Every structure is written in structure tokens, then in C-alpha cells.
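A.B. asks: Here the protein sequences line up with chains V and L, keeping their order. Residues in the first sequence are numbered from 1 upward in steps of one, following my numbering. Residues in the second sequence are numbered from 1 upward in steps of one, following my numbering.
Honestly, the hints are just simulated from the structure, not real lab data. All values reported here derive from a predicted model rather than from experimental measurement. Certain hints may be false.
Unchecked claim - List of simulated lysine to aspartate or glutamate pairs, DMTMM-like, C-alpha gap at most 20 Å:
id, chain 1, residue 1, chain 2, residue 2
1, L, Lys313, V, Asp289
2, L, Lys315, V, Glu285
3, L, Lys313, V, Asp290
4, L, Lys427, V, Asp211
5, V, Lys123, V, Asp84
6, L, Lys315, V, Asp289
7, L, Lys313, V, Asp84
8, L, Lys329, V, Glu285
9, V, Lys274, L, Glu5
10, L, Lys3, V, Asp290
What the hints assert, rightly or not - Partial list, computed: chain V residues near chain L (C-beta under 8 Å):
id, residue
11, Arg26
12, His37
13, Pro40
14, Val42
15, Ser58
16, Ile59
17, Thr61
C-beta: ideal position from N, C-alpha, C; glycine also.
The chain contents come next:
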Amino acid sequence: MVTVSTTTRTAQDLTAQARDVLGVSRLTNHALTSWLHGLPGVDQVGCEARAASLGTRSIKTTSKAWAIDTAIGMIDLTTLEGSDTVGKVRSLCAKALVPDPLDPTTPRPAAICVYGDMVATAKAALADSGIHVAAVATAFPSGRASMPVKLADTRDAVEAGADEIDMVIDRGAFLSGDYLTVFNQITEVKQACGTAHLKVIMETGELVTYDNVRRASYLSMLAGGDFIKTSTGKVQPAATLPVTLIMLEAVRDWRDLTGSQVGVKPAGGIKTTKDAIKYLVMVSEIAGDDWLSPEWFRFGASSLLNDLILQRQKLATGAYSGADYVTID
Amino acid sequence: MPKFEYAPAPESRAIVTIEKSYGLFIDGAFTRPKATFPTVNPADETVLAEVSQAGPKDVDKAVAAARRAYEGVWGRMSGAERGKYLFRIARILQERAREFAVLESLDNGKPIKETRDFDVPTAAAHFFYHAGWADKLEYAGLGAPGDAPARAHGVVAQIVPWNFPLLMLAWKVAPALATGNTVVLKPAETTPLSALLFAEVCQQADLPAGVVNIVTGDGRTGQALVEHPDVDKIAFTGSTEVGKIIARSIAGTAKKATLELGGKAANIIFDDAPIEQAVEGIVGGIFFNQGQVCCAGSRLLVQENIHDQVIAKLKRRLQTLRVGDPLDKNSDLGAINSREQLDRITMLVDAGVAEGAERWSPACTLPTKGFWYPPTLLTGVSQTHRVATEEIFGPVLTVLTFRTPQEAVAKANNSAYGLSAGVWTEKGSRILWMADQLKAGVVWANTFNRFDPSSPFGGYKESGYGREGGRHGLEAYVTTAPSTLTGAAR
Numbered sequence: 001m002v003t004v005s006t007t008t009r010t011a012q013d014l015t016a017q018a019r020d021v022l023g024v025s026r027l028t029n030h031a032l033t034s035w036l037h038g039l040p041g042v043d044q045v046g047c048e049a050r051a052a053s054l055g056t057r058s059i060k061t062t063s064k065a066w067a068i069d070t071a072i073g074m075i076d077l078t079t080l081e082g083s084d085t086v087g088k089v090r091s092l093c094a095k096a097l098v099p100d101p102l103d104p105t106t107p108r109p110a111a112i113c114v115y116g117d118m119v120a121t122a123k124a125a126l127a128d129s130g131i132h133v134a135a136v137a138t139a140f141p142s143g144r145a146s147m148p149v150k151l152a153d154t155r156d157a158v159e160a161g162a163d164e165i166d167m168v169i170d171r172g173a174f175l176s177g178d179y180l181t182v183f184n185q186i187t188e189v190k191q192a193c194g195t196a197h198l199k200v201i202m203e204t205g206e207l208v209t210y211d212n213v214r215r216a217s218y219l220s221m222l223a224g225g226d227f228i229k230t231s232t233g234k235v236q237p238a239a240t241l242p243v244t245l246i247m248l249e250a251v252r253d254w255r256d257l258t259g260s261q262v263g264v265k266p267a268g269g270i271k272t273t274k275d276a277i278k279y280l281v282m283v284s285e286i287a288g289d290d291w292l293s294p295e296w297f298r299f300g301a302s303s304l305l306n307d308l309i310l311q312r313q314k315l316a317t318g319a320y321s322g323a324d325y326v327t328i329d
Numbered sequence: 001m002p003k004f005e006y007a008p009a010p011e012s013r014a015i016v017t018i019e020k021s022y023g024l025f026i027d028g029a030f031t032r033p034k035a036t037f038p039t040v041n042p043a044d045e046t047v048l049a050e051v052s053q054a055g056p057k058d059v060d061k062a063v064a065a066a067r068r069a070y071e072g073v074w075g076r077m078s079g080a081e082r083g084k085y086l087f088r089i090a091r092i093l094q095e096r097a098r099e100f101a102v103l104e105s106l107d108n109g110k111p112i113k114e115t116r117d118f119d120v121p122t123a124a125a126h127f128f129y130h131a132g133w134a135d136k137l138e139y140a141g142l143g144a145p146g147d148a149p150a151r152a153h154g155v156v157a158q159i160v161p162w163n164f165p166l167l168m169l170a171w172k173v174a175p176a177l178a179t180g181n182t183v184v185l186k187p188a189e190t191t192p193l194s195a196l197l198f199a200e201v202c203q204q205a206d207l208p209a210g211v212v213n214i215v216t217g218d219g220r221t222g223q224a225l226v227e228h229p230d231v232d233k234i235a236f237t238g239s240t241e242v243g244k245i246i247a248r249s250i251a252g253t254a255k256k257a258t259l260e261l262g263g264k265a266a267n268i269i270f271d272d273a274p275i276e277q278a279v280e281g282i283v284g285g286i287f288f289n290q291g292q293v294c295c296a297g298s299r300l301l302v303q304e305n306i307h308d309q310v311i312a313k314l315k316r317r318l319q320t321l322r323v324g325d326p327l328d329k330n331s332d333l334g335a336i337n338s339r340e341q342l343d344r345i346t347m348l349v350d351a352g353v354a355e356g357a358e359r360w361s362p363a364c365t366l367p368t369k370g371f372w373y374p375p376t377l378l379t380g381v382s383q384t385h386r387v388a389t390e391e392i393f394g395p396v397l398t399v400l401t402f403r404t405p406q407e408a409v410a411k412a413n414n415s416a417y418g419l420s421a422g423v424w425t426e427k428g429s430r431i432l433w434m435a436d437q438l439k440a441g442v443v444w445a446n447t448f449n450r451f452d453p454s455s456p457f458g459g460y461k462e463s464g465y466g467r468e469g470g471r472h473g474l475e476a477y478v479t480t481a482p483s484t485l486t487g488a489a490r
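Just chain V, same shape as in the assembly (with noise of 0.2 Å):
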């Protein structure tokens, strides 16, 4: 059961609120480019490293078990294929609410990631078992379209029942430096969400440098988002460790700096228990274990799940089953 603080915020609110931590009286373009260029630079040599030398850690015996469980619980069961289908995704929700029929004692994933049409499928499946539905939404995955259609994308998904929303930030905007319009557009959304919670997906495959890549979450962070998210899956690269590795440096100053907590998502290409682990040793090291729950920290990912059942399988029997005894779905 993944508990989440609900929050509504009205866009006021958050502009408001972000004209307190910049310290301006009115928020321009202008003021948000003076403060997110103002952040230290990120060397890219030295990121890279210490995202590789963390990823030599060497998680065994009851690290690992504790590590699986916790991974675990920490999915965003994802399928956003075109092809979808309400018979995928009851699939998708039978296979969260029962992960591995051999053992009944293996958590469940935290929520079922869907498009936004498959919302009300997916609540239906997944009834009162405390697994979420997050739906993607602002014309995911490329954001482009008018903000009236990305705000009745939003609210479309949240009728329908979804607990969280992944919305996708207008790289477009981000990279000809109007940030104004990347916190307007978050805000509305967030304000649109309700109780909803929202995930920011900033796409750093498309922000290329690292640089960027703090830039867009302190700015998705002052604009309300409660997690940040790394990518759609739909763009090369996804999730890196370097990239997620400056996600939790910004997560864990944004609290020294504000005293709210926001969460973290890396997303696309996470396939393997030794992928996710490293991702956990990461913040576990840099955010700190407070991060280390499903709360605060999701994979977004689709055949990470039947690699943990087969290592935790492994870990139980002392022998590895193969593919043929993990549901595919």
C-alpha cells in the first residue's frame, strides 16, 4: 500500500510560492533564468564517475533480498503502446496484484502506468488493493499540443479515477530558454490534477546536457511537481545513473532549501535486479534513506519485474527457475 500525501495547490499558490524562493516580487522569465543559471555547473567527467563508482557496490545475502523487495514495491508497472488493449491492461493489473503465483509473499509493484484512456480499465482491475493507476497525460509523449488540450488530457485522467499523472514538460519551450512557460504550463497542470499527484517527466534524452538536466528539476520542483521523472521510454537515452544521480543531489537541496520532499522517478531502460540495485545504492548514498520508499522513489518500468522475481526466486531456492516460471503478464 503506497501512502501519499494529498495536496492541492492552486496555481497561485505555487507562483507565489516560487516568487518566496527566488526572493522576487514578480516572477518573469527573466528571474527564473537568473536563478536556474545560478546553480553550480555539473561536470560531466566527474558525474559520470561517481555514478559509475557507486554502481561497484556490492549488494549481497540480505542486502539484496531487502534490495528485491524494495525494488519491488517501488514499480510503476508501465504499458503505453499503441496496441493497447483492455485486455492488456486487465493482464498488466492481474500480474500487479499477484507478481509471482509461486510465492505469495512477494510484494506488489506500487501503481499500474497507463495511457489515459485505459484509466478506468485499469481502477476496475485493480479495486481497493492499494495499487495506484497513474495515467500519462499533456499529449504524452512529445507535449505538443495547445495548454487547453494538455489541461483536459489532465482532467479527463483524473475523472476517470487516476491517482497520479505523468505529465511531460514542453522541452521546445525549456530549450529556447522560456522557462515562464514550462512553470506556467506545470502549475496549470498541478492545479488540474487536484489530489491527483503529479510526476514531472522532463525528458533529459532530449536536454542532453546534464547542465539542463538540473535546471529542469529545480524548476519542476518550484513549480509543484512532486516527483520528478526522468523520461517517456519513448526517447533514447532513458534513465542513466548520472542523470538520476544529479535528480537526487536536486531533490535532497531542494529540501534543505524549501522543507518539502519531492520524489524521483528514472524511467526507460531499467531492465535487470543489478540495474536496480545500483539505482538504490544511489539513493541510498546521495538522497539519503529517506528517499527509500515507494513514496519517494518509483522505477518506471515494464520487464524490470519478472527480472526481481527470478532473482528473489533464486535467493529462496539457491537455484535460478528461468524464464518459463515468471508470468509474462
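Since chain V is already given, all that's left is putting chain L on it; use the hints.
C.D. replies: Using the frame of chain V, we list chain L on its own:
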């Protein structure tokens, strides 16, 4: 709140066989052990093996074997053939990497992740790099234009320290052999085992007898080696104090020397630095190998306007450092190499506190047996304090501040040493200006403690003279004086 606890993940020590006692490696074979002394595991003070104290007669035999090998085989061999032996040694080092990593960790006390990921691979890389030079020396531009062709000195005496026993051996042996010299090497008294395992590698590679000789022992062995009349060149890495003794003892002789001595490097953080990476660089700069590194970034010079921010981030980072069992793959810091060194660190830090420095260490439980020192910050340090000028050679960072680039340079250069320095800023022009102003053999920009066989390394002032690595490093192992050999290949 959950907590991610790492279960013990020890590397197995079964991979390496340690003999009860070792003789000396002279003329391709091990002598019978005699006059032995113990070498201990600094992490728990258990005796690992007994090794022999080489006396003047043993040194004499080793130098004679090296001379025979130089005149009979090695000095006459073509560079291409020498290169084959070096490539073979490099490959064997890679094949036996785990063995070397475990042995080095046991004998030195450094964490396995460093021996596994740094010491052993870099040692192999030095052999690969110099293997490539062996048949290309005439294109290396050695000597002045118009000079006679460069040739080997002959017999080289090499003395290496305990902080990187195998790596320093590689830094010395690889260029010496590539250029056609033969070697008598003395490993440090407290860390002889990886050099003795390297002797086995020489046998395995069928290196001709006498090309590499290894004599173990304390300072007396080193003295006998340095003063031996048939040694042509000396290469020493170690303390400035011993370096000065060596320089005095060879004054007036024809012996050449390179000395790589102490340091008190400034690691300079400007307010426009990439702060997170700078914090990592500070940590890597001083806590790598427990700070027992001659080029360690032991003096942090941080711009005054970001001092509090940097120290706060540094303290948070140090709380995640894992100090403990060197063979545990998750240990970031291991043991101090010897009681003597531990006592010196303790004495200097106490002196710093007495002079007014403020001392801070993260909470960490140190093992009860063995030689351990927690990672330590000394803040509020001034240039006049002993801890700001003397080399501590331990996991102790002294923190000073500056206001302008000019002041940073003045403070950084205000040292008897000049081995290395670090500069952290996102401003490219400032990096170039700083590198030009700093009197240090190596200046790292937005990184620290990076080593590569192709990059020369060495110091200014009391940090010594001569360069190791790269094309420059070859110069120290050749001379343009006429050859004493007849019919030698080049």
C-alpha cells in the same frame, strides 16, 4: 524509516598463496630465506609471512647478476624482443589480477576496490605502455639534437615505497626494462609481498635471469644498494628526508638519480566550481589510499564565500564513507600501513589541534585490532600551522580559505613541496592561468588523482626531480654517453 544496510561482501583470500617465508630473488631464482623479519597485515596485525633482510653481500650478488644480464643478454637484445617480454609481463599481471589485488590489500591495508580497480590495472597498463616504446626509442626524441643515440645506463637501483607497492614497482621496472636497463629493486620493508609475487611473474614470463632482481629489507638494504659502486642509476620514490640522504650519498659519483618525494598539494576550489564534483574531488584527493599518497590533495584551499557550503557538503559526504575490512568490496577506506605511520598521523593532528585547528570526523566504528585512523577534517587552519606545511600522509584534510585567484596561487605555492595541485572552476581561462602559475609537477583541472602511463609525473622543489611516465619518463633511463658494450643491438 528503512535503511539500506550493506551485508559483508568480503573478497576471498583463498585466491592467493602466501609462503611462510621468502628469500631474495637474485639471478632468476629465490635464495634460501635467512635473517628474516615479519610482514604484517595492518588491518589486524597478524603476521602474513617472514621475509629476508638482504645484507651488503646479497646486494652485491644482485648487482653482479644484473650486470651480467645487462652485458650478456638484455643490453644486447633488440627493442622488439624486449617489448615481447614486457607485453608478456603485462598480460600475466592482468591474468593474475585478482591474486595481486588480494595480496596488495592484505599487505598494505588498502581497500580491495582500489587494488582491484586502480593499483593492479594501472600497473599492467604501465607495462603495456612501455612495451610499445621498446622498439621505438629512436623516435622518442631522447637527448639533444646532434647527441649520440640514446642507450641504457646499465644497472639501475630502484627503491619503492609502501603506499603503492606494485604500482610503484611498475612505474620503475617497466621503463627501465623497455630502455634496456637491468634492475635491482628494493620494495618497502612493510610491503614486500607483491614485489615477491612479481618475481614469480618474471619467472613465468621467462625473463632472462638477472634482468630483474628483488632484494627485501629495511633502510640498510637500501643504503647498500644506493652506495654500491656498480650501480649506474638510482630511481627512488619515498620521503624527502631519505631522498636528501640519497642525493648526498651519490654526490661526486657518476650515478644518475631521479627522486620522487613528498608533497603537500593544494586543492583549490573557486566559487564557480561544479560543487558536487568538487566535493567528490576533495574526497578522492585526500581519502584515496587513506591519504597515503605523495600527491594527495591534503591542503584544501576554498574560496571564502563558499567555505561554509563546501564544508557542509563535505561533512555530509564523509558520513557515507565506509571504513573497515580492506577485503570487503564495499570498504572505501582501509587500514593505515603501519603503527609508525599511525603514530605520525596522530602526532601531527594533535599538534594541529593544539595550534588551534578544529577537528571533525564522521561517526565511524573502527576495528579494535590493526592500525586505523578515521577520515578527519581540520578547519580553521592557517598557513603557519604545522598541519598546513608538513606532509601528514594520512586521511586528514586541512582546510584554508582564499579571496582572489592571486591569493590562491600565493598560498598554494607557499610550500617547500611542489608535486601536484588541483583547480576547480567552470572558467576555462582561469584553469589555464592557474596551471601556468602553480609550481607543481601535475595540475589537475576539475579532477584529482588521475594517472595514466602516457602522462609524465614528478615534482618541483623538495618534491624531487625527474619525471616518470610518458615520453619524458624514458629520458631518465637513457644516456647519450658512449656505450661500454661491444656489438650491442639498439
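A.B. asks: Does valine 42 of chain V pass the interface check with chain L, least Cβ-Cβ distance below 8 Å?
C.D. replies: holds (6 Å)
A.B. asks: Can the hint on isoleucine 59 of chain V be confirmed by a CB-to-CB distance to chain L that is less than 8 Å?
C.D. replies: Holds, about 6 Å.
A.B. asks: Report holds or violated for the interface hint on serine 58 of chain V, using the least CB-CB distance to chain L and a cut-off of 8 Å.
C.D. replies: Where the cut-off is 8 Å and the nearest Cβ of chain L is about 4 Å from serine 58 of chain V, the hint holds.
A.B. asks: Check the hint pairing lysine 315 of chain L with glutamate 285 of chain V against an upper bound of 20 Å on the C-alpha distance.
C.D. replies: holds (13 Å)
A.B. asks: Was the hint right that arginine 26 of chain V lines chain L, CB cutoff 8 Å?
C.D. replies: violated (28 Å)
A.B. asks: Can the restraint linking lysine 313 of chain L and aspartate 84 of chain V be considered satisfied, given a maximum Cα separation of 20 Å?
C.D. replies: Outside the cut-off at roughly 46 Å; violated.
A.B. asks: Using Cβ atoms only, decide whether proline 40 of chain V comes closer than 8 Å to chain L, and label the hint accordingly.
C.D. replies: holds (4 Å)
A.B. asks: Lysine 427 of chain L and aspartate 211 of chain V: Cα distance at most 20 Å?
C.D. replies: holds (15 Å)
A.B. asks: Taking only the CA atoms, is the gap from lysine 313 of chain L to aspartate 290 of chain V under or equal to 20 Å?
C.D. replies: holds (17 Å)
A.B. asks: So if I understand the rule, the pair passes when the alpha-carbon distance is 20 Å or less; does lysine 313 of chain L with aspartate 289 of chain V pass?
C.D. replies: holds (17 Å)
A.B. asks: Regarding the hint that histidine 37 of chain V lies at the interface with chain L, is the smallest CB-CB distance below 8 Å?
C.D. replies: Violated. Min distance 12 Å.
A.B. asks: Closer than 8 Å between Cβ atoms is the bar; does threonine 61 of chain V clear it against chain L? Give me holds or violated.
C.D. replies: holds (5 Å)
This entry does not satisfy hints 7, 11, 12, going by the numbered hints stated previously.
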